[in-house]
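Please model the entire structure based on the sequences and the hints provided.
The opening residue of the sequence shown carries number 1 in the numbering used here; numbering runs sequentially from there.
Hints may be right or wrong, so weigh each one.
Pairwise CB distance ranges, derived in the manner of DEER restraints [to be verified]:
no.	residue 1	residue 2	range
1	Leu71	Val154	17 to 27 Å
2	Phe58	Val154	14 to 24 Å
3	Gly134	Arg78	36 to 46 Å
4	His12	Tyr35	11 to 21 Å
5	His12	Ile36	26 to 36 Å
6	Phe28	Ala49	31 to 41 Å
7	Ile36	Val154	36 to 46 Å
8	Val3	Tyr129	16 to 26 Å
In short, the hints are calculated from the structure, not lab data. A quick note: this is a predicted structure, and the numbers were derived from the prediction, not measured. Note that CB positions come from ideal geometry on N, CA and C, so glycine has one too.
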Amino acid sequence: IGVLFYRPIDVHWGIETGINYSRLVSEFVTGDNSYIDEKQKLQYIGIPARGTYFFGTFKKFSIYSSFGTTLNIPVSARSTTNYVIDGKTDYTKYGSLKPHLQWSIDGGLGLQYRLSHTISIYAEPNLHYYFNDGSGLKTIWNDHPYHFSFPIGVRFTIFH
1 IGVLFYRPID VHWGIETGIN YSRLVSEFVT GDNSYIDEKQ KLQYIGIPAR GTYFFGTFKK
61 FSIYSSFGTT LNIPVSARST TNYVIDGKTD YTKYGSLKPH LQWSIDGGLG LQYRLSHTIS
121 IYAEPNLHYY FNDGSGLKTI WNDHPYHFSF PIGVRFTIFH
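What follows is the structure in structure tokens.
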């Protein structure tokens, strides 16, 4: 989830930034009858910086492409490990994790509908690449760095 702020540079080019929130949850199970069940929950605040190129506008609709980078800053990282013996949890261990800053790059195409001079709604399919953060943690971003997303949201245009 996030909020983006857009500033036009000229009729075709613009820049945007904002803030977003990401939550990554993973579960690992090791063993059969007696096993270890580990869950990790990581939360990040992301700060995107993007360039946007508008191909054209038809009435209130615009088609554009965007490209940029995002810095994801870890704000919470916890793990819970359950040691299960004969179907019953014998022991539970809680811990904190040490994720690093997570950089990514992305690009995509978008369709925007302008509600007013300052507010628009958009749909923007994107392809992301997440660089390995070097933390050694098993996350979806580190294990599978290419991701497709389809954000839909509200864009606030400032200094129009």
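Verification of the hints:
{"no.": "1", "hint": "Leu71 <-> Val154: 17 to 27 Å", "in the structure": "holds (22 Å)"}
{"no.": "2", "hint": "Phe58 <-> Val154: 14 to 24 Å", "in the structure": "holds (21 Å)"}
{"no.": "3", "hint": "Gly134 <-> Arg78: 36 to 46 Å", "in the structure": "violated (20 Å)"}
{"no.": "4", "hint": "His12 <-> Tyr35: 11 to 21 Å", "in the structure": "violated (57 Å)"}
{"no.": "5", "hint": "His12 <-> Ile36: 26 to 36 Å", "in the structure": "violated (55 Å)"}
{"no.": "6", "hint": "Phe28 <-> Ala49: 31 to 41 Å", "in the structure": "holds (34 Å)"}
{"no.": "7", "hint": "Ile36 <-> Val154: 36 to 46 Å", "in the structure": "holds (43 Å)"}
{"no.": "8", "hint": "Val3 <-> Tyr129: 16 to 26 Å", "in the structure": "holds (23 Å)"}
Hint compliance for this structure: hints 3, 4 and 5 are broken, all remaining hints hold.
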